Amino acid sequence: DQQVKQNSPSLSVQEGRISILNCDYTNSMFDYFLWYKKYPAEGPTFLISISSIKDKNEDGRFTVFLNKSAKHLSLHIVPSQPGDSAVYFCAASGKNYGGSQGNLIFGKGTKLSVKP
Amino acid sequence: NAGVMQNPRHLVRRRGQEARLRCSPMKGHSHVYWYRQLPEEGLKFMVYLQKENIIDESGMPKERFSAEFPKEGPSILRIQQVVRGDSAAYFCASSPQENTEAFFGQGTRLTVV
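Keeping their order, the protein sequence lines are chains R and P. Here the first sequence stands for residues 53 to 168, numbered as in the numbering used here. Here the second sequence stands for residues 65 to 177, numbered as in the numbering used here.
Just so you know, these hints were derived from the structure itself, not from any lab. This one's a predicted model, so the numbers in the text were calculated from it and none came from an experiment. Treat each hint with caution, since some may be false.
[Claimed, not checked] Facing chain R, from chain P, some residues (calculated, C-beta under 8 Å):
| no. | residue |
| --- | --- |
| 1 | H93 |
| 2 | Y97 |
| 3 | E105 |
| 4 | L107 |
| 5 | S122 |
| 6 | F129 |
| 7 | A166 |
| 8 | G169 |
| 9 | Q170 |
Beta carbons are placed, not taken as given, at the ideal position from N, Cα and C, and that holds for glycine.
Produce the entire structure from the sequences given, and follow the hints as far as they go.
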């Protein structure tokens, strides 16, 4: 039973346009959400996070939106660049969901391709 | 400041052998996490350790797998009597505190032949 779902395995976007990656979760006890970026044969790289007390967090070209009532978050990248091409993982954790807060629950990832 | 260091990067073991995967966290980080990634899957949590203590091992298989993070030296993930299904990428991450973002190493790719 997947608690964190990324329903789009892949996404293709033109350079300069907006990339929107989506993530849904089922456990309402999650209170901290993260996005990681991963290149082949490398470890995931932290991108941006958001606490459940916020609904938006912005860092440069990256913005994460959280809709708690819908149990949905999204990562917006604008403008998209070819170097953004990678697999993006959504992850969640929480103090009281059943695991430790050090236990991140990952989605299966979305492969983003940004075409020049 | 070096990142999270994992070694070896690639490890090949025959069925029945033991695999030892090492992880040196970032300087100043006392929280270490191990994850496993199977092909076409996301990362699955295995174990969370803080110096000399196992905090959460809910993702560890009950048999053949063990982890430690001694007072001195790297964290070790040990897999005894490996089977083909253990073939995966194993990632270690570290953080300075529990509720901050974790930084990942480059992973160890274990192949069991």
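A quick look at each hint next to the structure:
1. H93: With a minimum Cβ separation of about 12 Å from chain R (threshold 8 Å), the hint on H93(P) is violated.
2. Y97: At 6 Å from the nearest chain R Cβ, Y97(P) passes the 8 Å test, so the hint holds.
3. E105: holds, 6 Å
4. L107: holds, 4 Å
5. S122: S122(P) check passes; min Cβ-Cβ to chain R is 6 Å, inside 8 Å.
6. F129: violated, 16 Å
7. A166: Constraint on A166(P) satisfied, holds at 7 Å.
8. G169: Holds: closest Cβ of chain R sits about 5 Å from G169(P), inside 8 Å.
9. Q170: Holds: closest Cβ of chain R sits about 5 Å from Q170(P), inside 8 Å.
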